[in-house]
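All chains, full assembly: derive it from the sequences and hints.
Residue numbers (our numbering): 5 to 116.
In short, the hints are calculated from the structure, not lab data.
Be aware that one or more of the hints could be misleading.
With beta-carbon atoms standing in for the labels, derived distance ranges [as the list claims (entries may be wrong)]: (1) Asp47 x Asn103: 12 to 22 Å; (2) Asp47 x Ala20: 31 to 41 Å; (3) Asn103 x Gly36: 44 to 54 Å; (4) Asp11 x Asp52: 19 to 29 Å; (5) Asp15 x Pro49: 32 to 42 Å.
C-beta: ideal position from N, C-alpha, C; glycine also.
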Amino acid sequence: DPSSILDRRNDFCGRAEGVHNGSIGLEDALRGLHIALVTPLYDPPWFDEPIDVATPGRMTGFHADLAAALAARAGFSYTIYSHPLSSFAPDMSWTEYLNVSVRNYDVSMDWW
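In structure tokens:
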């Protein structure tokens, strides 16, 4: 049920303003922040995790590797939240899922 998903978004407005006015360099825009990422859990090469274990070191796949590489380079920490495909399909289209995910997380990691 999409209405049961907690809002895990951060307010990045201050950082965006700092980048815009030059007080924060683009390379430091995310440094020190904790970012909430979300991905559907449907295809292990893209993202996989042991059942009921949200430990980043045990997550595998392209999305887990991408998050780790970006965090290392940009200096932020993150949590990847996953939702099994059955939690929204067939009731929701992929676009409807995207709309729900961006209202509740900082970054949706899937592609359209």
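Enumerated hints in conflict with the structure, sorted upward: 3
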